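Asks: One letter stands for each residue in the lines below.
There are 2 protein chains.
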Amino acid sequence: MHGDDTALVLGLDVGGTSSRALVSDLTGRVLGTGEAAGGNPNSHPAPDAVAQMAGAAREALGGHDPSAVRGCVLGMAGVSKMADPAFGEFFRSEWARLGLGCETTPVSDGVVAFAAGTPEPRGTVLIAGTGAVAERVEDHRTAATIGGWGWLLGDEGSAYWLGREAVRATLRALERGAPVEGLVEAVCDHLGVAPERKAVIVAANASKPIHLAELAPLVTGAEDDAAEDIVHRAAVLLADTAATARPDQHSPVVLAGGLLHPDNRIGQALRAELEARSWPEPRTAGPGAAAAAWLAALPLTQDPNSLHKTLLP
Amino acid sequence: MHGDDTALVLGLDVGGTSSRALVSDLTGRVLGTGEAAGGNPNSHPAPDAVAQMAGAAREALGGHDPSAVRGCVLGMAGVSKMADPAFGEFFRSEWARLGLGCETTPVSDGVVAFAAGTPEPRGTVLIAGTGAVAERVEDHRTAATIGGWGWLLGDEGSAYWLGREAVRATLRALERGAPVEGLVEAVCDHLGVAPERKAVIVAANASKPIHLAELAPLVTGAEDDAAEDIVHRAAVLLADTAATARPDQHSPVVLAGGLLHPDNRIGQALRAELEARSWPEPRTAGPGAAAAAWLAALPLTQDPNSLHKTLLP
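In order, the protein sequences belong to chains A and B. Throughout the first sequence, residue numbering follows UniProt numbering, covering 1 to 313 in sequence. Throughout the second sequence, residue numbering follows UniProt numbering, covering 1 to 313 in sequence.
This is chain A alone, in the form it adopts within the complex (with noise of 0.2 Å):
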């Protein structure tokens, strides 16, 4: 298949919020990008989930011809849920129709992720946004998953996780009659209730847990020490979950996720606490569907350290 300059490549990154693709040639030139909404098959039914990333797909494609698809990736959290076998008749019934001229090779997020910050096989991912869940990964596939439990047993240092530690923060502050400021007083206008412990539980339980993590960014703004001690804490937990995820000290880390940007608070702290520990520099994760298309020409390229310049530069 080496030399063939007809040959595409379709990278899908589908998340919960939004699915992305992207199609290129093999040199690199990007030949149509797609978005639909979120895909997840987790968080989403099943037939809306494949009619999103199916959307993305389509609108990448263009007018290219779908058959010249030669490799496609599709990175999402939850990829497991590719084994149900209910959902993967239902995909692949779904997926038949767009007529690439690849199998789709279906990968975790963390894969995509680590992909998206070094052309390298093997290394550690963290991601940290709602959740946060770190990868062994070995020969660009995950070896192993470390947290990513879930709000109601882990997911510590993820936005979640920042918001319910925020209003743990205020009931504590509230029951020694601290006085009512910074982080404490942002808690209790978020949730729109007077500075009192049972209105703060209370105001707390009355949505679904997740939607503790909108809280999370009340914690990376304040600047008082109940924020700063919760930002240290989540911190040294992400990389926690990192060190497990680790294979050696010397292949790269990559950090992805809203949470562990260069300019969020969360993704400076890890970086200092990374240095602390003396790990080498992490890499930051470019986009998900460029790094998923350049997985799907991995078997197709020789020079694909080459390749990753061009597309995730």
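Be aware that a few hints might be false.
Since copy identity is lost for identical chains, a pair holds within one copy or between any two.
Here are the simulated DSS-like pairs of lysine-lysine, each with C-alpha atoms no more than 30 Å apart in a straight line [said to hold, decoys possible]:
id : residue 1 : residue 2
1  : 198       : 309
2  : 198       : 81
3  : 208       : 198
4  : 208       : 81
5  : 208       : 309
No wet-lab data here; the hints were simulated from the structure. For clarity, every value in this text was computed on a predicted model and none was experimentally measured.
Chain A is already provided as a structure; the job is to place chain B on it using the hints.
Replies: Same frame as chain A, now just chain B:
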């Protein structure tokens, strides 16, 4: 009213799973007891809750004249519900049909549990069962409530927390590839799944979060390091909660709730933790209905200490 040897008192201890009532005279002679299903208005619809409370009271009164009841105390968790106008109206209308010869004083379950351990007016009570909460008691009333934030935000050291920590320890062990034995094996068996990360996460999330409390006996029953670590951390967290509530170093400390029974491993670990912190030996709460009856008799008796000894030997 002193010296009225026909006066009766009625005490009620209303919980989520049972409602108990006790009628005595002012010498501490028990004239009747009653029991009904749970009557906590936060976990049962108002008509059911009030019907259970009233049923227990009627059974305790038996053939005695309700108008002879000169003191009535009703203790329950979530007593603030009594201030809810809709619930309050419903309660008063049903309660009036009992024909008591006095008003009914609602108090927290903490105040009743404290009185069930000591006749002192001031001190600390720590209650741990499915949840965990401490109260600072002053003059037989709640002066401060510490913890009791519920499963989403807190309940550290409670049965819920023990169960959640058991699942977390299991996930950590599975991620590390540790041998499947002891607590890890017990948790997987209880959840009915193979010892596999994803299966454990899915099973633990399959029912209501509070059901994690059902895994607590696995922790107190196991004898490996993982269980030992959870038991120790529970004791430290519970002692911290009690310490925050404590008015001073000399007033009594009362322990209540199934988890803190001297036969329970958590109760034992907590007593050891308090001893290590040089606290005086804590007292163990006796039956709540008898304590509520004693509180009801307080304004009517000249010898509360003797009455306490009789009602709560």
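Asks: Next step is simple, just say for each hint if it's right about the structure.
Replies: Status of each hint after checking the structure:
In this assembly of identical chains, the alpha carbons of residue 198 and residue 309 never lie at most 30 Å apart, being 55 Å within a copy and 35 Å across copies at closest. Taking the shortest alpha-carbon separations for residue 198 and residue 81, only the inter-copy value of 11 Å comes in at or below 30 Å, while the best intra-copy value is 40 Å. Within a single copy, residue 208 and residue 198 get their C-alpha atoms as close as 18 Å, and across copies as close as 22 Å, so both meet the 30 Å cut-off. In this assembly of identical chains, residue 208 and residue 81 lie within 30 Å of each other by CA distance both inside one copy and across copies; the values are 23 Å within and 22 Å between.
For a Cα distance limit of 30 Å, the shortest separation of residue 208 from residue 309 qualifies neither inside one copy, at 42 Å, nor across copies, at 48 Å.
When the structure is compared with the earlier hints, violations turn up for hints 1 and 5 and for no others.
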